[in-house]
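Could you slot chain S onto chain A? The hints should help.
There are 2 protein chains.
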Amino acid sequence: MGVDVVSPEKLASALSEHWSPRVIAEVDDAYVKVAKVQGTLAWHSHDQEDEFFYVLAGTLRIEMEDRTVDLHAGDAFVVPKGVRHNPVADQECHLMLIERKSTKHTGDVVTEKTRSLAEQLRPV
Amino acid sequence: MGVDVVSPEKLASALSEHWSPRVIAEVDDAYVKVAKVQGTLAWHSHDQEDEFFYVLAGTLRIEMEDRTVDLHAGDAFVVPKGVRHNPVADQECHLMLIERKSTKHTGDVVTEKTRSLAEQLRPV
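Chains as they are written, first to last, in my numbering: chain A, 1 to 124; chain S, 1 to 124.
Among the hints, a few may not be true.
Because identical chains cannot be distinguished in the list, a pair is counted as satisfied if it fits within a single copy or across any two copies.
Said to hold, decoys possible - Dumping the calculated BS3-like pairs for lysine-lysine here, alpha-carbon to alpha-carbon at most 27 Å:
#1 Lys104 - Lys10
#2 Lys113 - Lys10
#3 Lys113 - Lys81
#4 Lys101 - Lys81
#5 Lys81 - Lys104
#6 Lys10 - Lys101
#7 Lys101 - Lys113
What the hints contain is simulated information worked out from the structure, not anything from laboratory work.
Just chain A, same shape as in the assembly:
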């Protein structure tokens, strides 16, 4: 992982399942992931880890308790550690994410959409 040139957008496009992030590169104690999303994930937080979102295609809304941000293709945003958030995509959206290896998909919340790290490490 991480030894070849990859196209995050091509990899995100190739995913068949929504809200199922896949690791595409390792950078020290962080993973770079891609995801294809539509609809909503779940309200959750990561108490110890910041989370970096970069929109490859489409639009992502990140609802937080005190505000909401809209990210369009090419936009980036960091959800600071401890901030409860809920990602929402009205239409299909492709994301690149940077998360610490310790980051759990939906924090301490577990839903049917929650993916384990092992699931995220499957090849695209």
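Coordinates of chain S only, in the frame set by chain A:
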């Protein structure tokens, strides 16, 4: 830093100086940076840190001792820790980088192009 939505490509476009990365977001112990590059930087390595490259616009060639990779817009690549590399852009190229806070611009090599972390933390 990192509390607002940012457009890495717009920020990279706004830079006036080549090879002068700027921090645009903080993700735990890592910085997300943008840079506008043309020509060559310097052969160097980061002995303790991986370095993530994502090409926002243009083409970047990364020369390494055992191979060379060409990254086009939308491509990503990780230079593993300890690997000597030399980034080259025949034409102007815009980059997004993910580096640990401890990463030095040109490793232990210092040239006239080397930028301190303080310089990289100046607002775009």
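Could you work out which of the previously given hints the structure breaks and list their numbers from low to high?
Failing hints: none at all.
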